[in-house]
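A.B. asks: For the record, the sequence lines run as chains A and B.
Mapping of the first sequence onto our numbering: position 477 corresponds to residue 477, and the numbering continues sequentially without gaps.
Mapping of the second sequence onto our numbering: position 29 corresponds to residue 29, and the numbering continues sequentially without gaps.
Honestly, the hints are just simulated from the structure, not real lab data.
All of these numbers come straight from a predicted model, not from anything done at the bench.
Heads up, the beta-carbon is just placed ideally off N, CA and C, and yes, glycines get one too.
Zero decoy hints are in this set.
Okay, the calculated bits of chain A under chain B, using three or more residues with CB under 8 Å as the criterion:
(1) 91-99
(2) 188-198
(3) 208-217
(4) 596-604
Simulated pairs of lysine-lysine, BS3-like, Cα-Cα distance not exceeding 25 Å:
(5) B:LYS56 / B:LYS44
(6) A:LYS134 / B:LYS44
(7) B:LYS56 / A:LYS699
(8) B:LYS90 / A:LYS261
Not the full set, but computed from the structure, chain A residues with beta-carbon under 10 Å of chain B:
(9) PHE105
(10) ALA110
(11) HIS130
(12) SER131
(13) ALA245
(14) VAL248
(15) ARG712
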Amino acid sequence: MPFISRTQRQTDYNLIPPSCPIVIDNGASYFRIGWAGESEPRIIFRNIVQRPRHKITGETVTIVGDHDPMLLKYFDCTRSGPRSAFDNDVVFQFEIMEYILDFAFDRLGADEAPINHPILITECACNPVHSRSKMAELLFETYGVPSIAFGVDAAFSYKYNQQLGICDRNGLAICSGFTTSHVIPFINGEPVYEACCRTNVGGYHVTDYLKQLLSLKYPHHMQRLTWEKVEDLKMEHCYITLDYASEVRLFQKGAKEAEEKTRCWQLPWTPTPVEEPPSEEEIARKTALKERQGQRLREMAEAKRSSKINELENELKGLEFLIQQLRHVNGNDIPSFLAETGYVSKQEIESAIVKVTQSLRKAKGEQDEIEEKPEISNSEKYTLIDIPDNMLTPEQVKEKKRQLFLKTTSEGRQRAKQKRFEEELERERRNKEDEQRRLENPELYMEQLLVKYKDLSEKVEQRKRLKTNGNNGNENVSGGVGRGERLNAAQKERMRLLTTAAFDRGKGEDTFGIKDEDWQLYKKMSKDNDDEDEGPNEDEAELARVASKLREIDPTFFPKSDASSSGTEPPRFRPLRKEDFQILIGVERFRCPEILFHPNLIGIEQAGLDEMAGVSIQRLQSKSQSLEDSNGLTNSILITGGSCLYPGMSERLEAGIRMIRPCGTPIRVLRASDAVLDAWLGAASFASTMHFQRQVFNKTDYYEKGEDWLRRYQLKYSF
Amino acid sequence: MKCCIKPSEDTRFFRFILMEQEVIESEMILPTHLSFKKIQMHEKYPKGQARGRHWKHLKQIIQAENYQNYPADEPNYVNIESPPSMHPRKQICDITGFEAPYSDPRTHLRYANTEVFKLIRSLPNEYVQRYLALRNAAVVLK
Numbered sequence: 001m002p003f004i005s006r007t008q009r010q011t012d013y014n015l016i017p018p019s020c021p022i023v024i025d026n027g028a029s030y031f032r033i034g035w036a037g038e039s040e041p042r043i044i045f046r047n048i049v050q051r052p053r054h055k056i057t058g059e060t061v062t063i064v065g066d067h068d069p070m071l072l073k074y075f076d077c078t079r080s081g082p083r084s085a086f087d088n089d090v091v092f093q094f095e096i097m098e099y100i101l102d103f104a105f106d107r108l109g110a111d112e113a114p115i116n117h118p119i120l121i122t123e124c125a126c127n128p129v130h131s132r133s134k135m136a137e138l139l140f141e142t143y144g145v146p147s148i149a150f151g152v153d154a155a156f157s158y159k160y161n162q163q164l165g166i167c168d169r170n171g172l173a174i175c176s177g178f179t180t181s182h183v184i185p186f187i188n189g190e191p192v193y194e195a196c197c198r199t200n201v202g203g204y205h206v207t208d209y210l211k212q213l214l215s216l217k218y219p220h221h222m223q224r225l226t227w228e229k230v231e232d233l234k235m236e237h238c239y240i241t242l243d244y245a246s247e248v249r250l251f252q253k254g255a256k257e258a259e260e261k262t263r264c265w266q267l268p269w270t271p272t273p274v275e276e277p278p279s280e281e282e283i284a285r286k287t288a289l290k291e292r293q294g295q296r297l298r299e300m301a302e303a304k305r306s307s308k309i310n311e312l313e314n315e316l317k318g319l320e321f322l323i324q325q326l327r328h329v330n331g332n333d334i335p336s337f338l339a340e341t342g343y344v345s346k347q348e349i350e351s352a353i354v355k356v357t358q359s360l361r362k363a364k365g366e367q368d369e370i371e372e373k374p375e376i377s378n379s380e381k382y383t384l385i386d387i388p389d390n391m392l393t394p395e396q397v398k399e400k401k402r403q404l405f406l407k408t409t410s411e412g413r414q415r416a417k418q419k420r421f422e423e424e425l426e427r428e429r430r431n432k433e434d435e436q437r438r439l440e441n442p443e444l445y446m447e448q449l450l451v452k453y454k455d456l457s458e459k460v461e462q463r464k465r466l467k468t469n470g471n472n473g474n475e476n477v478s479g480g481v482g483r484g485e486r487l488n489a490a491q492k493e494r495m496r497l498l499t500t501a502a503f504d505r506g507k508g509e510d511t512f513g514i515k516d517e518d519w520q521l522y523k524k525m526s527k528d529n530d531d532e533d534e535g536p537n538e539d540e541a542e543l544a545r546v547a548s549k550l551r552e553i554d555p556t557f558f559p560k561s562d563a564s565s566s567g568t569e570p571p572r573f574r575p576l577r578k579e580d581f582q583i584l585i586g587v588e589r590f591r592c593p594e595i596l597f598h599p600n601l602i603g604i605e606q607a608g609l610d611e612m613a614g615v616s617i618q619r620l621q622s623k624s625q626s627l628e629d630s631n632g633l634t635n636s637i638l639i640t641g642g643s644c645l646y647p648g649m650s651e652r653l654e655a656g657i658r659m660i661r662p663c664g665t666p667i668r669v670l671r672a673s674d675a676v677l678d679a680w681l682g683a684a685s686f687a688s689t690m691h692f693q694r695q696v697f698n699k700t701d702y703y704e705k706g707e708d709w710l711r712r713y714q715l716k717y718s719f
Numbered sequence: 001m002k003c004c005i006k007p008s009e010d011t012r013f014f015r016f017i018l019m020e021q022e023v024i025e026s027e028m029i030l031p032t033h034l035s036f037k038k039i040q041m042h043e044k045y046p047k048g049q050a051r052g053r054h055w056k057h058l059k060q061i062i063q064a065e066n067y068q069n070y071p072a073d074e075p076n077y078v079n080i081e082s083p084p085s086m087h088p089r090k091q092i093c094d095i096t097g098f099e100a101p102y103s104d105p106r107t108h109l110r111y112a113n114t115e116v117f118k119l120i121r122s123l124p125n126e127y128v129q130r131y132l133a134l135r136n137a138a139v140v141l142k
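The following block holds chain A by itself, in its conformation from the complex:
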């Protein structure tokens, strides 16, 4: 049941006498304004302001409250999101507050300065005096209001329900609002602020949690999940369970009740025209085409190779012929003879021959055995090594060093060769074993290979995904400072420790390291950062080997290529079905409002609603109130505020409070008659009493008595 704004301009402003107060309920979600003594507020709208620029004229305009989103197309709203005057539940942005009051008074029908009615305006419990004084200043200076009174919205709601007979003079008010939740005890009809308790969790957090969860689960529907839409979903579908654990177990088991409780939101979807699956002839034709192309490529490669071999052979023949000719020529004539061919000396020709033979062998695919060359003069080369240093000349010492170096390097090379040889033997042996296994039982072998292949491919894909930025299906990149996204948790922790150490120091001076304790920082970091990088290469090589083996033995095997990079994108070779456009809300229905009772689910380290009631009663008892009073409090617990309208809230609260109160205390949880409007209604009925007149303060009071008096100003709610 989404709230509806009411912003029709009222026409009877001038008919109302100046003594009739204007009552304002300034809530973080909605702003309500009306006349005292009436049964409902005249104007209601969302307490937000937007300042977009008009696309054509470029003028910046102000839009208050929510409005038809279709009309916004004339405006450029990229840099102006909706802004609220509130921070938590305290007003801090008075420019925005002024826009809101402008709009409110304008719609109330005000048309001549000043606003000549006393004003009763609500605020949060224990509002800081800075906010209060700025609000008073705004109302006095800019609107010319004669007198103001401040009251707490939860208190008004409780008093109103007390008048209606729903709750007693002594009781507890649990008010769950948009950004905060309060628990205020009432003794003799007056709120006891010393025992009041506030948790910074409210309807906003529930909606935000639901929005995040759904966006993470369905990232490709993120545009549909606007904040307003999610709020609608929350109001329609969310509920509070009596026992979270048992409810969740129902869903985990996949029981039929769980199916019934899961709601499904079908997004508009048009089925794509279904293509005929390619018929057999098509497939055959395509494979034949591929075969032919492959064949052509292979032929081309062969042709190139053979032509290269021919060329090299010709060159070799030419060079050999040249050498033969040289033998017949005289020694002195060599240079002139060779000048024509381009070679300077015999050695050059010989080295050229050697090179050409090498490349020829390579082209033909033979092993080249050039490594035999240095082995020839092994014993001769290392003559100097055995002679001790003092018998040699300096040059010979240098020579000896060089020989030593050569010897060690050649020995190293030999050892490497030996190792490679052994590895080859090992691999041969393993291959033989594999072959044997294959011959014994081909089917089992194939199965094993397939399993191994699947595992390896999964591992490799995962690593790839972790290494690259997972940005493929998503435009919203939250957080992530460039490199920060690619680091794993340990590396991130390390960076965080280092940056905090760097920032902890004062500006300008870097005093890290002066104290010995600073270095203990490095002990906190984990040392196993580098194990990630070496693994993939081995895995990928193994994967390639297994794939090739499978291809040999199994004609129907096709190696899986990395088609889809992120598992959440619908794979492209499957046509999109109706189910892809459905958003299922199952566990989230009761998981989100659970944060009201367990704020640590979203990281807020405070007590939940049921615990807060206990804390409040405890604080009351420590203010030396008599025990009977405190026990009687739980007999009349009123829940009010927009965020308490979830089905199941009263039962859960009752169960929770029963757990913390002594056995046998009477516990009655009562719902406010109209959780959303009660604060305004209570304020309106209060403003119409004589009592109100004595509690307002006017401009002269405000300026004479000063801030200290304003701080201690508290409304008295009962006669």
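Go by the hints and put chain B onto chain A.
C.D. replies: Quick look at chain B alone, frame taken from chain A:
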């Protein structure tokens, strides 16, 4: 786009505003001059001036209040806040919402069973950080 003159009581402030017909009819734009105000917005916040009216945020307001100078049993905005919860922390799986007795040492996410674990291990880092941010447990490099 028709041009329309906004009706205004005070003829000195005659604003010729060019706007689409339906936008004007819906009256969703706040007029710039309001007759019941003693000081108009554009006088208070003149155009052209950097609108950096730095309003104090809540934290600064609370600091400026100097609550430590006042007796500690007087209720003020800070001391009515709830204490941390005494109940044992509820541990639910970050992805599905089921009960989660296990947590992944690499990403610090909680999970309920092996299928969820496989899903976690295949998530790109961005999603992991967003799930952690739900719990306020993401590493913020400030």
